[in-house]
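Q: Spelled out from the first residue to the last, the chains are:
Number of protein chains: 2
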Amino acid sequence: MAPTASNGARPIGIFDSGVGGLTVFREIARALPREPLLYLGDSARVPYGTKSPATVIRYSIEAARYLMSRDIRMLVVACNTATAAALPKLQEMLPVPVIGVVEPGARAAVERTSGVVGVIATEGTVKSKAYTTAIKALDPDVEVIESAAPLFVALAEEGWANTHVAREVAEIYLEPLIDHGIDTLVLGCTHYPILRGTIEQVVGSAVHIVDSAETTAQSVKHAIGQSRGVAEPEYHFFVTDAEERFRRIAAEFLEQEIENLELVSL
Amino acid sequence: MAPTASNGARPIGIFDSGVGGLTVFREIARALPREPLLYLGDSARVPYGTKSPATVIRYSIEAARYLMSRDIRMLVVACNTATAAALPKLQEMLPVPVIGVVEPGARAAVERTSGVVGVIATEGTVKSKAYTTAIKALDPDVEVIESAAPLFVALAEEGWANTHVAREVAEIYLEPLIDHGIDTLVLGCTHYPILRGTIEQVVGSAVHIVDSAETTAQSVKHAIGQSRGVAEPEYHFFVTDAEERFRRIAAEFLEQEIENLELVSL
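If you read the sequences in order, they're chains C and S.
Per the numbering used here, the first sequence starts with residue 1, numbered consecutively.
Per the numbering used here, the second sequence starts with residue 1, numbered consecutively.
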């Protein structure tokens with residue numbers, strides 16, 4: 001356990017299966033520019049989206065324990081699959097607030113929709129029906145259609161977000177949702193904001209986009225309350241494997257080189 | 001340790017990080033229709049292609065130990081990344097023959113080429129330069145160009161192998177190799193044979209395709225020698241996670257439903 005610092009200097013911990021949660025990191029850094037942040041990407045075991053809930057819960061607990069040992073003041077589960085599988089368990093276990101990415105996205109969707117919400121996510125998140133459950137809990141009259149868009153992850157990670165191929169893949173995934181009459185689309189995987197431009201071109205301006213990275217950052221800001229933070233907050237990144245790949249993709253996702261990257265074992 | 005059976009009934013063990021090695025399984029079953037086969041897919045930790053060599057070696061040793069506990073007569077490392085990282089270590093450790101997928105593919109490439117070989121593989125395999133090393137060891141005059149084609153894995157797994165998108169991705173990956181004048185192309189990832197039709201359309205009939213699943217099956221047949229096998233060999237499949245996903249993709253890769261699928265922990 002690291003020595004306990006004053007509240008202003010204790011970092012917010014952000015956890016994801018790999019690089020996708022960096023979109024959440026980016027939005028939290030924008031919304032709370034005075035807060036120190038720790039990011040843990042479980043790159044040795046990525047992706048979570050195709051794994052079973054029991055496995056995802058086990059991995060999430062290990063990641064949370066690691067970040068707790070670094071004296072975080074709050075945990076953000078910046079991975080839809082991990083949120084869908086493990087959030088209640090983590091909230092029950094940990095002595096700090098735990099915020100997931102599903103509920104903020106569901107809330108924003110209900111605020112914006114006039115009745116039909118589309119959700120695109122990984123196979124694991126879609127199977128869990130976490131978004132349908134969260135949206136229906138807020139407004140049972142909203143119709144929700146969930147659809148898996150697994151190729152978007154590979155396209156984002158390989159730097160193909162703004163290519164003709166990405167556009168064509170987006171058309172194939174999104175046209176059934178458009179035909180169904182969605183008025184709001186939730187980007188239910190933290191990789192997908194990287195493809196936001198392409199997705200917007202395909203769905204057109206009549207469909208509201210809910211970016212769960214943005215909405216989660218607003219929830220974190222709300223939960224932090226009156227923090228003074230620090231003048232020059234530090235960012236630290238931890239990965240469980242393949243630092244160089246993480247460094248390369250992080251530079252693309254964050255549009256700047258990262259410092260303080262460390263390999264750890266959970 | 002399972003009781004030792006007579007040689008004819010002891011299975012060949014085939015190991016991969018996930019589903020890709022099923023292309024090798026399929027070719028071994030075709031080449032040796034009387035041999036019982038065990039297939040282990042480490043689906044809890046897939047993919048290996050983006051992980052570090054040290055991690056891949058550790059995972060490969062655990063997988064090999066599991067299959068040894070099932071009394072296999074031979075181990076086939078049906079994963080290019082694991083072969084590139086861990087083959088010498090496994091050959092040193094295990095008391096049974098260990099065959100990888102790189103050397104058979106390199107040998108076939110050297111036999112067929114008139115001078116310029118292209119290799120497409122995962123990022124991990126390309127970084128290792130395993131194919132360049134293996135080909136140069138056989139014939140130092142052959143020119144080798146290696147290139148990563150990571151999106152092919154997702155396209156194969158999501159059932160998009162024969163789509164227009166796959167064709168376009170193949171053109172983007174392969175045109176630099178064609179322009180460079182390759183006369184032979186090694187499919188250096190066990191997922192890629194699923195896209196063979198699309199790849200052949202792009203490179204044209206003047207380029208020889210080396211399918212490392214096929215060439216590995218021939219090496220296994222040669223190493224097995226005069227085995228009588230059994231009249232009705234059984235196939236058993238073990239995965240470390242997400243059986244249903246494995247079952248669905250296996251049915252596509254093998255073009256038939258699989259039986260005897262079991263979840264195990266390494």
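Calculated from the structure, these hints are not laboratory results.
Model, not experiment: these values are computed from the prediction.
It is possible that part of the hints are untrue.
Far from chain S by the CB rule (all over 12 Å, computed), these chain C residues [as the list claims (entries may be wrong)]:
1) Arg30
2) Ser52
3) Thr55
4) Leu94
5) Val96
6) Glu111
7) Lys129
8) Glu171
9) Arg196
10) Ile209
Interface residues of chain C toward chain S, partial, derived using beta-carbon atoms under 8 Å [to be verified]:
11) Ala44
12) Pro53
13) Val142
14) Asp241
15) Arg245
16) Arg247
To spell it out: a stretch of chain S is covered by chain C in this simulated footprint if at least three of its residues, at any positions, have a beta carbon under 8 Å from a beta carbon of chain C; those stretches are [unchecked claim]:
17) 51-59
18) 90-98
19) 204-210
20) 238-250
Glycine included, C-beta positions come from ideal geometry on N, C-alpha and C.
Q: If a hint holds in the structure, say so; if it does not, say that too.
A: Right, here's what the structure says about each hint:
Here Arg30(C) stays apart from chain S, with its beta-carbon at least about 28 Å from theirs, past the 12 Å limit. Look at Ser52(C): its CB is around 5 Å from the nearest CB on chain S, not clear of 12 Å, so calling it non-interface is violated. For Thr55(C), the requirement that its beta carbon stay farther than 12 Å from each beta carbon of chain S is not met, with the minimum near 5 Å. Under the 12 Å C-beta cut-off, the non-interface status given to Leu94(C) relative to chain S holds; the minimum distance is some 24 Å.
Listed as a non-interface residue, Val96(C) keeps its Cβ farther than 12 Å from every Cβ of chain S; the least gap is roughly 28 Å. Every CB of chain S is more than 12 Å from the CB of Glu111(C) (nearest about 33 Å), matching its label as outside the interface. Against chain S, the non-interface label of Lys129(C) holds: every CB pair exceeds 12 Å, the least being about 16 Å. A beta-carbon of chain S is positioned within 12 Å of the beta-carbon of Glu171(C); the least distance is around 10 Å.
Every Cβ of chain S is farther than 12 Å from the Cβ of Arg196(C); the closest lies at roughly 20 Å, confirming the non-interface assignment. Separation of Ile209(C) from chain S is adequate, the least Cβ-Cβ distance of about 23 Å exceeding the 12 Å criterion. Interface hint status for Ala44(C): upheld, as the beta-carbon distance to the closest one in chain S is roughly 6 Å, under 8 Å. Interface restraint check: Pro53(C) against chain S, minimum CB-CB distance 10 Å, threshold 8 Å, status violated.
Using the Cβ-Cβ criterion of 8 Å, the hint placing Val142(C) at the interface with chain S is not satisfied: the shortest such distance is roughly 29 Å. For Asp241(C), the suggested interface contact is upheld, since its CB lies about 5 Å from the closest CB of chain S, less than 8 Å. Checking Arg245(C) against chain S: minimum C-beta separation of about 6 Å stays under 8 Å; hint holds. For Arg247(C), the interface hint is violated, the least distance from its beta-carbon to any beta-carbon of chain S being 13 Å, above 8 Å.
Judged by the Cβ-Cβ criterion of 8 Å, the stretch 51-59 of chain S is covered by chain C as claimed, because 3 of its residues qualify and three suffice. Here's how the stretch 90-98 of chain S fares: 0 of its residues keep a CB closer than 8 Å to some CB of chain C, so the rule of at least three is not met and the hint is violated. Under a criterion of three residues with beta carbons nearer than 8 Å to beta carbons of chain C, the stated coverage of the stretch 204-210 of chain S fails, only 0 such residues being counted. Only residues whose beta carbon comes within less than 8 Å of a beta carbon in chain C count, and the stretch 238-250 of chain S has 3; three or more means the coverage holds.
The earlier numbered hints that this structure contradicts are 2, 3, 8, 12, 13, 16, 18, 19.
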